[in-house]
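Novice: Listed below are the residues making up each chain.
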Amino acid sequence: RKEVEQDPGPFNVPEGATVAFNCTYSNSASQSFFWYRQDCRKEPKLLMSVYSSGNEDGRFTAQLNRASQYISLLIRDSKLSDSATYLCVVHMAGGYNKLIFGAGTRLAVHP
Amino acid sequence: GAGVSQTPSNKVTEKGKYVELRCDPISGHTALYWYRQSLGQGPEFLIYFQGTGAADDSGLPNDRFFAVRPEGSVSTLKIQRTERGDSAVYLCASSLGGLAGDRPDTQYFGPGTRLTVL
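Here the protein sequences line up with chains P and R, keeping their order. So the first sequence is residues 1 to 111, counted in my numbering. So the second sequence is residues 1 to 118, counted in my numbering.
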């Protein structure tokens with residue numbers, strides 16, 4: 001089983017739609033969680049950090065359920081510019097400083 | 001300010017050859033990371049430096065891979081006897097200090113080096 005699992009998509013949605021991505025992680029020792037955005041042939045960039053039960057930033061809301069080892073990302077009022085791959089990322093505590101990435105969920109927003 | 005830079009942006013080599021990939025981190029960042037990203041996958045951790053020393057090299061796939069950071073700034077990832085399976089985008093990231101308590105510092109990624117082994 002992969003450490004971080006995501007639905008690969010693609011999710012094809014019209015502008016203005018609300019879309020949600022799910023992610024599950026296998027290591028219960030994981031402490032910090034992130035969503036990164038990666039445009040085609042570009043580097044990943046941090047979108048949101050999720051340290052407690054959730055985090056909201058404008059149109060983006062991330063939620064964390066530690067009991068179920070599940071993280072979600074909700075995007076409201078989708079824009080064409082939201083088209084990208086969204087990477088779910090997990091960090092373990094205990095002296096490790098590597099990020100564990102999911103394979104990513106691809107989003108395509110169309111007019 | 002300048003972000004993480006990586007050179008070359010593209011590298012094509014033949015099976016069995018030796019390659020070096022270079023990373024210039026953000027100035028003042030003491031932590032540096034190498035990741036590898038294959039097509040359709042997320043980045044996979046290779047190695048993490050804190051200053052000049054490799055604090056965690058558990059992601060290096062085998063002894064053909066080696067990385068150095070002799071002065072605590074620029075890092076070089078070295079791959080010996082390249083194989084076709086080494087073809088991927090090699091990403092470098094840096095962060096200010098590594099960890100703040102149990103929370104990691106934000107990692108800033110460079111544009112990557114696309115390695116193709118023929």
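Just so you know, not all the hints are guaranteed correct.
The calculated DSS-like cross-link candidates involving lysine-lysine, where the alpha carbons are at most 25 angstroms apart (straight line), are [what the hints assert, rightly or not]:
hint : chain 1 : residue 1 : chain 2 : residue 2
1    : P       : K45       : P       : K2
2    : R       : K17       : P       : K2
3    : P       : K42       : R       : K78
Under 8 angstroms between C-beta atoms, here's a sample of chain R residues computed to sit facing chain P [as the list claims (entries may be wrong)]:
hint : residue
4    : L60
5    : D63
6    : P111
Since the hints were derived computationally from the structure, they do not count as laboratory data. Don't be surprised by glycine CBs; every beta carbon is placed ideally from N, CA and C.
Novice: If a hint holds in the structure, say so; if it does not, say that too.
Specialist: Against the structure, the hints come out as follows:
no.: 1; hint: P:K45 - P:K2; result: holds, 22 angstroms
no.: 2; hint: R:K17 - P:K2; result: violated, 32 angstroms
no.: 3; hint: P:K42 - R:K78; result: holds, 22 angstroms
no.: 4; hint: L60; result: violated, 12 angstroms
no.: 5; hint: D63; result: violated, 20 angstroms
no.: 6; hint: P111; result: holds, 5 angstroms
Hints 2, 4, 5 from the list above are not met by this structure, while the remaining hints are.
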